[in-house]
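Next come the chains, spelled out residue by residue.
There are 4 protein chains.
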Amino acid sequence: MYDRFFRHPFMSRHGLAELDDRSVVEALCRVELALAQVEEEAGILPEGVSAQLAAVILPAHFDMDALAADVGKGGNVAIPFVKQAKAMLPEELRRYFHHGATSQDIVDSALMLLIKPRLEASLKQLALLRGGYGKLMRRYRDLPMIGRTLMQQAVPMTFGVKVAQWAAAMLKAEERLENVVQHGLFVQFGGPVGVHTGLGEHGLALMHALAGKLGLATPMLPWHTDRQPLLALMAALDGVAVGAEKNALDIALMCQSEVGELSEPAQEGVGGSSSMPHKSNPIGCGRIRAAARHIHAHYGVISTSGAQPLERGLGEWHAEWAPLLDAVVELEGALELLAALIDGLQVHEEAMARNLSHSLEALEQRPLAEYLGSSGAQVDRVLDALAVQTTTA
Amino acid sequence: MYDRFFRHPFMSRHGLAELDDRSVVEALCRVELALAQVEEEAGILPEGVSAQLAAVILPAHFDMDALAADVGKGGNVAIPFVKQAKAMLPEELRRYFHHGATSQDIVDSALMLLIKPRLEASLKQLALLRGGYGKLMRRYRDLPMIGRTLMQQAVPMTFGVKVAQWAAAMLKAEERLENVVQHGLFVQFGGPVGVHTGLGEHGLALMHALAGKLGLATPMLPWHTDRQPLLALMAALDGVAVGAEKNALDIALMCQSEVGELSEPAQEGVGGSSSMPHKSNPIGCGRIRAAARHIHAHYGVISTSGAQPLERGLGEWHAEWAPLLDAVVELEGALELLAALIDGLQVHEEAMARNLSHSLEALEQRPLAEYLGSSGAQVDRVLDALAVQTTTA
Amino acid sequence: MYDRFFRHPFMSRHGLAELDDRSVVEALCRVELALAQVEEEAGILPEGVSAQLAAVILPAHFDMDALAADVGKGGNVAIPFVKQAKAMLPEELRRYFHHGATSQDIVDSALMLLIKPRLEASLKQLALLRGGYGKLMRRYRDLPMIGRTLMQQAVPMTFGVKVAQWAAAMLKAEERLENVVQHGLFVQFGGPVGVHTGLGEHGLALMHALAGKLGLATPMLPWHTDRQPLLALMAALDGVAVGAEKNALDIALMCQSEVGELSEPAQEGVGGSSSMPHKSNPIGCGRIRAAARHIHAHYGVISTSGAQPLERGLGEWHAEWAPLLDAVVELEGALELLAALIDGLQVHEEAMARNLSHSLEALEQRPLAEYLGSSGAQVDRVLDALAVQTTTA
Amino acid sequence: MYDRFFRHPFMSRHGLAELDDRSVVEALCRVELALAQVEEEAGILPEGVSAQLAAVILPAHFDMDALAADVGKGGNVAIPFVKQAKAMLPEELRRYFHHGATSQDIVDSALMLLIKPRLEASLKQLALLRGGYGKLMRRYRDLPMIGRTLMQQAVPMTFGVKVAQWAAAMLKAEERLENVVQHGLFVQFGGPVGVHTGLGEHGLALMHALAGKLGLATPMLPWHTDRQPLLALMAALDGVAVGAEKNALDIALMCQSEVGELSEPAQEGVGGSSSMPHKSNPIGCGRIRAAARHIHAHYGVISTSGAQPLERGLGEWHAEWAPLLDAVVELEGALELLAALIDGLQVHEEAMARNLSHSLEALEQRPLAEYLGSSGAQVDRVLDALAVQTTTA
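Chains as they are written, first to last, in the numbering used here: chain A, 27 to 419; chain B, 27 to 419; chain C, 27 to 419; chain D, 27 to 419.
Mixed in with the good hints, there may be bad ones.
Put simply, identical chains are the same to the list, so a pair is met inside one copy or across any two.
Unchecked claim - Within a straight-line C-alpha distance of at most 16 Å, the following computed EDC-like cross-link-like pairs (lysine to aspartate or glutamate) qualify:
1) Lys-305 to Asp-168
2) Lys-99 to Glu-294
3) Lys-150 to Asp-96
4) Lys-99 to Glu-146
5) Lys-305 to Glu-387
6) Lys-150 to Glu-118
7) Lys-239 to Glu-146
8) Lys-99 to Asp-410
Everything labelled a hint here was simulated from the structure, so no lab data went into it.
Required output: the full structure, derived from the provided sequences and hints.
The following block contains the structure:
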């Protein structure tokens, strides 16, 4: 598919590999089987049934092509998945499979299972990034350079404080993301209209038990048409994306030929041009910026589809899946690129000095140190915060 | 201006009145004078200077038309504001005004001051709304109705649990908004390039003191081109907007002539038509939905403008103001409408019974109670959560 | 209102003045009175009635504050407008006013009347802009400079061809806008549900006659919930906005202190800074870029509200008004700024030569002319196109 | 990949199959070989060279996995593609391959080649759709039903005129799309910075010849950072998407259990539920609505990435690919669904009569025919327009 050439270059290769067909079916199985387990533990299903189901319902048994071919008919993958699963089961077990559940229970929960490790991978990249920022801040704490506002040279600052700014923004964004990963990836379980039809008072307890079994958070209520959890998640992703995008924009501007203060890490074959062999393009920055633009738009889909009618959306829910999954893998990719970029960033001190000297002449010759103001103190403050973050993580 | 007829009907009238020209200038004055105070307290300005400034720099002294006419020249209101202010001052005081500050310090801080009371007003509406939800939930806890998925009748639920769903979504959205209002409205103070040029080590302490004086939160660093605070704020607004929009969508669907389960509160002259006197339109729902659509787009501006170059945006920053202020007043308006709507909502039990009976025939005649599952328990859970929220608030 | 300081600086001052309260009421009157005229001409209203209505229904007689206060009740301005108008009329004339019309007929048609002269004003700015581009292209047809791709110096081109690129893009965008202004500003007239209730077969003929009377285009059918006309209009506005934004981005990049190839026209008091008197900011570019960002988001509202239910939107329609009007006045403002910017653009030939020389060393010393390729021919081609456009306009 | 379950169900299966890896490489080959041909014909390459290249550069020879693996390094597929191609060639032919071209020439042109047949397939679906609308209009020209505004019953209309409204909107949208397909799919050819470096005056003629060879339109100038062509294309796609989305929304509303005026075509296994066997969901409408929501967001990426810096974007260009291709295949899928839906739409006349009768009581008992106004005339007008369209197509 065209994706390989036109979408995947802006995604995490590793993340994509982890989100293949097979993983989707595994996640679907995991949700259904965990449900059977908790229903058995609650005495709703006969003893032993969940083990019997687990012995048959194996990801490898599913016909992936048939699944893919049938999604359109009912509009979601759970319908053909349940159909295939039931066909694998002996007649007497069938009614115990998917018991009390609705498609959205399975799909939403599986999506949360699928994205959780990817978000954790993003958090890992953010930790690496903190390491990279810290290294740069310590090394360049007092390296003066010219600050620039409205795309014009303004007054001096240090390169250290510029990195501190990048890091401080990312710390905030990371905190929001971490909060969502810790507390905001909710199990979905409500049955046909979100009231645990046929399960009586057990419903909420089952939802809680299922969350525990799957390592997901328990929501106050089922959230079939309450998309606040997704909004908070996507907003957190978008925040990190903006942090990465701003960092990439700054680096790209400082890499400009006439500015020359930074270069992307030199890497065999990276940043080349098909027509100009002498060029070195900050293509890492370009890829991060492309991914971030996609993520902004993905948030928009989630937001404009957030108001879902009555007990299940008709298109609003369905519209969420691709933007959600794409955003997760695009963010992971952008962070991999950014972490590598920061780790190997080439800092051209002589260019910083040269550019600074032009402006210093224009300024009324205050001593440089006066201009630098709180630059050093800001670096120290962020280094402290990084240290705390690293210790507690 | 056309706004009165085409934008303001989707905004809070009270909120708008509080955000007039004069309030903007008051906020600008407040920031500048608080800055002078903290600088005097830090020994940076001579004793008594801040009081001298405060005696002259009065909102009423500013020429609003001249201010408005000159914003374009420098691109922001702080430039003509500072110019007018200095012209009011005796020569010897001029250099103490706006000391160490840059336009963005004043504008960003003033914006936070302007929106804070409006967000608090929104939180107040959310508290009223909780009251309204609670009343409906208690009254209709066990009223059966048909649940609907993908725009089709599905299986029974209660009207109480539907309200509980609305309420649970809003509680989450409210929590995010409250968190931002409590901890996320930051003072801005960094000087020309965000390093407190000329203020030496005092910079960060001044920023902290200024925040305290203005009742705003202290950021880790100045955030001139780190727009994470705005992203978090706008995402919180958008979350509440989606909550209101979903609620309005459900009500509008249930108000449809053929469904007839709800009506908007009857109110003299509201919901009329220019051509069909017999109609009663759920215009409150319509206005809420319009406002929410605007707010989604406003988030988009903040998000796609989030990556701002180097030490100050060139257009990215400027693009934020109108969407931010609009979103705040639109949300306040939507919540006023929704709180009134919920408070006076007309519930037509007989229509619910009629619609339900059609589906019950199609279902295999399980007893109704079995269908209702956890409906009552869900209502109770949300009532408990509302009680906690109301007590702690 | 805060708009004066935070929204209007990114709009056309003249355009705004032309879109005040009074103009809105005038447009509403004009639509209603033209309708009465065509209905009288068709023999639907008694002879002389339209003149009698016109004698009473004068914009100056409307109570603007009452109008504004009442818009919310029915959700649109036509409802209180019709109410006030009827109250002005003697009993026997009342039923002839707004005859066969619905609110949306009046509001949509009035909006088209309001924006038409503004779009024509934008087309006038685009004509000025063509003049400016032509002047620059002729003057700098052969001035070599370095081309830059992915934010890096690449190979030589001319400044003339860069301007030709800006101009060619704008020609395309202008053509789309002109096409909409000529053929795409449609009258709205369909009555309560778009089928000319009560007017029998006259309906479509009345719609056509009304369009003629108002100088608007006749649609195939009423377009109450067919928003294709608005989509085409907004897409055209967005196209011009992107053209202006790209031009502003290029200028801002070339104005950077280290590049120095262009400056905005020097203008007393423009581009100053509140903290750094030595700076000259390309604030025209910044304002254009802010306006364009808003316009992109406005398109999004129109697009995500484009699918409107059945015979009238509930919020979807209402959401269109502010984005539409804002976009029109923001575009007019952006074009005024850009036309002035291009007209007075300062071109620093020595900086272009200096920047070029750095790259020429890196290139393998082909003769410069070889690099320039079709630069001159491209300029000539665009100059020809501009000449044609200017002649036919 | 997860796409099969979460993205592809909202796309054309056939369209996707036509846009696989292989097609991408074929399109890349086609562009490069056509370029060699026109350069040979212009005497720039030695006679016979293009045939020699064509003998070696065969899609089947490319290592797709290596291509996909290397896209990230330079940021676009043309770089590894050219590298692989040159490695296939004997030393003496290498400099004739990709002569005078830049990556963006190859990628943009190949994208146009890839999407052209898909857009033609969409036009074909639109023609089918016209047939379906015509059939419904003729059959139900005079079938009365209740019109509904603001989600409330209003006054009568006919089902025929409702279909006419859908059709009239689509005709406009189709016209815009057809115009783009006929005149707006441009070849890209400009060399490194868009001035045909090294090709002298030949550049523009080569661009024209290349367009002819590839069956694409010739632009005025190369459009590397003039994205007006893409904006017009995406706006046209979005217009058709809105048309389909509005149609799907209306159908979904009319399919509601309590309204019951329409049903989706009955189709084995379609519209089922995993938990409620009695339900029939209008899942075609849901899928169309999901696709349309994606397309709106894709337009947003193109629009907010439209202003690209200087002679090549850094991320802005790269961000376009996935949204463009996705939008094309999503639109094709939505139209396939809609054409089938309209073709087999089940119209429940008795439900229309029942719903109408409720409102007629409320109305003041005018004869029904008076209410219907121009309904029949509107149908006839659209039928005429469809006939013209069908004849000329």
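Hints, one by one, checked against the model:
In this assembly of identical chains, Lys-305 and Asp-168 lie within 16 Å of each other by CA distance neither inside one copy nor across copies; the values are 31 Å within and 25 Å between. Proximity of Lys-99 and Glu-294 under a CA criterion of 16 Å is satisfied inter-copy only: 9 Å between copies versus 48 Å inside one chain copy. Within a single copy, Lys-150 and Asp-96 get their C-alpha atoms no closer than 37 Å, and across copies no closer than 25 Å, so neither meets the 16 Å cut-off. For the identical chains of this complex, Lys-99 and Glu-146 are neighbours neither inside a copy (34 Å) nor across copies (25 Å), given an alpha-carbon limit of 16 Å.
Within a single copy, Lys-305 and Glu-387 get their C-alpha atoms only as close as 32 Å, which misses the 16 Å cut-off; across copies the closest is 13 Å, which meets it. Proximity of Lys-150 and Glu-118 under a CA criterion of 16 Å is satisfied in neither setting, with 46 Å inside one chain copy and 49 Å between copies. Taking the closest pair of Cα atoms, Lys-239 and Glu-146 never come within 16 Å of each other, the shortest separation being 19 Å inside a single copy and 40 Å across copies. In this assembly of identical chains, Lys-99 and Asp-410 lie within 16 Å of each other by CA distance neither inside one copy nor across copies; the values are 55 Å within and 36 Å between.
Of the numbered hints stated above, those contradicted by the structure are hints 1, 3, 4, 6, 7, 8, listed in ascending order.
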